[in-house]
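Number of protein chains: 2
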Amino acid sequence: MPKTDLWFTELQTDKLTIGLRINRTIHREVTEFQTLDVFETQQYGNLLVLDGCVMTTDKDEFVYHEMISHVPLHTHPNPKNVLVIGGGDGGAIREIVKHPTVERAVLAEIDGRVIEASKQYFPQIASGLADPRVDIQVTDGIQYVKDHKGEFDVVLVDSTDPVGPAVGLFARDFYQMVFDCLKEDGLFVAQTESPWVNQGLIRQVYSDIASVFPQAHLYLAYIPTYPTGMWSFTMGTKQYHPLRDRQPARVSGTKYYTEEIHQAAFVLPPFVQELTRQ
Amino acid sequence: MPKTDLWFTELQTDKLTIGLRINRTIHREVTEFQTLDVFETQQYGNLLVLDGCVMTTDKDEFVYHEMISHVPLHTHPNPKNVLVIGGGDGGAIREIVKHPTVERAVLAEIDGRVIEASKQYFPQIASGLADPRVDIQVTDGIQYVKDHKGEFDVVLVDSTDPVGPAVGLFARDFYQMVFDCLKEDGLFVAQTESPWVNQGLIRQVYSDIASVFPQAHLYLAYIPTYPTGMWSFTMGTKQYHPLRDRQPARVSGTKYYTEEIHQAAFVLPPFVQELTRQ
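Chains as they are written, first to last, in numbering that gives the first Met the number 0: chain A, 0 to 277; chain B, 0 to 277.
Just chain A, same shape as in the assembly (with noise of 0.2 angstroms):
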């Protein structure tokens, strides 16, 4: 029989797309809220789609679960209360409960089938959810930031991209309930997209964190499946300051994060520091 040849395509922008070979698929559906594809791609492992955007991958996930946690909770002196919004697959919260520090982690998922199918395609992402620690609430995000006033020391916002269940997660009125969600001196962190292919998208988030907290940094890592390979996440903080507060490194067998890496990844090139001026 000859070979068949199989590829996922995305597409990025309307001028840019990223194709992937695949030995197979594994797994469709259309969930409640978007549809939900695990691909078998044969340069990054199984990889997860939702609404035919990359979520995340075997080979590369590391990257992006390591940067959006570790920053962050290395920032805190102490992080006891953890919050991730969105996150189903279970990557951050693997990364958050090697924390010692951290005594509870609260998963706000819109989608139970994510959860469901990374538990079932994806086990070591989701590894981290049978944490005794771990607090799954299968629910609006939003909705569950607005019911837990100045209970948390870390939001993390691990959404999808701005269109579809995600759009709530990218405004103002939302970085409001997320500082009024945070103790005294919590902070937070929302992944941000590409410097190269956002612009509008980061100078709107930078500003509006900017507005609603003393403190906006945005910082960078390499993630080969998303758009340009720069991601950026934008983080707003009430007291701490990511460089100068920065805590010694309390996990190890990190593959991407290391104290030094976390001090990079706030250099920023001009033309994307050009992004966060008001």
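Please note that a few of the clues may not be correct.
The list treats identical chains as one, so a pair stands whether inside a single copy or across any two.
Below, computed lysine-lysine pairings styled on DSSO-like, alpha-carbon distance capped at 30 angstroms [unchecked claim]: (1) Lys-2 to Lys-58; (2) Lys-254 to Lys-118; (3) Lys-58 to Lys-14; (4) Lys-14 to Lys-254; (5) Lys-118 to Lys-14.
I should point out that these hints are in silico values taken from the structure, not numbers from a laboratory.
Following the hints, complete the assembly by docking chain B onto the known chain A.
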């Protein structure tokens, strides 16, 4: 007339592609050495392609050209004689001649058609080629290096991928010739592909350079149109250390390079550090 949808696709590995929507083909030819295409893309402006591989684009070329040039030139306290092997588009030369210390910049490019195409279709990239200090040699870079011993302060190996005409530029014998063409305090940098998809090559090149030069150093930059967006450069240096001997910036108006980026580019995630262990 219905809209025609045209895409350029690069097979970055046999499992991974990038796709760029194009308005039109500007130029195609087969030179003595390789195929040469120029496309007008919607995402990144004009795109130069050699043997099917993305070489440079209007929008992101500054990252590669600033980082291959300014890191080594700011490691040397007084770079006067600089050689670029490959680099026919002229982008590295444009950055080199910004350094007031530079008295002579030689471009040894094997394919004169690349130089002509760049002058015609990428005038902003090729602009430095008109500088009176520039000496353009359409010749085999390996032969040029053999014939000019002890002559250069800094050498840049601005090559295509290690297939076709550039394959000899990724060999230990060649690094020894580069060593010999440098003055006794000279240093060189080569572009050395992606830590995500070219691990074997990086490991070999790093090991070869470390066996020829007293010091080898790897650094990184975000280049969205190259495979995975994470690009490595490897420096071999006889005397000066890229961090301890870093010079104050001699250039201004850069969009990627700064003194802080120079330092941060050498901070490697553990999965990249691992490639430099002997």
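Hints not upheld, ascending by number = none
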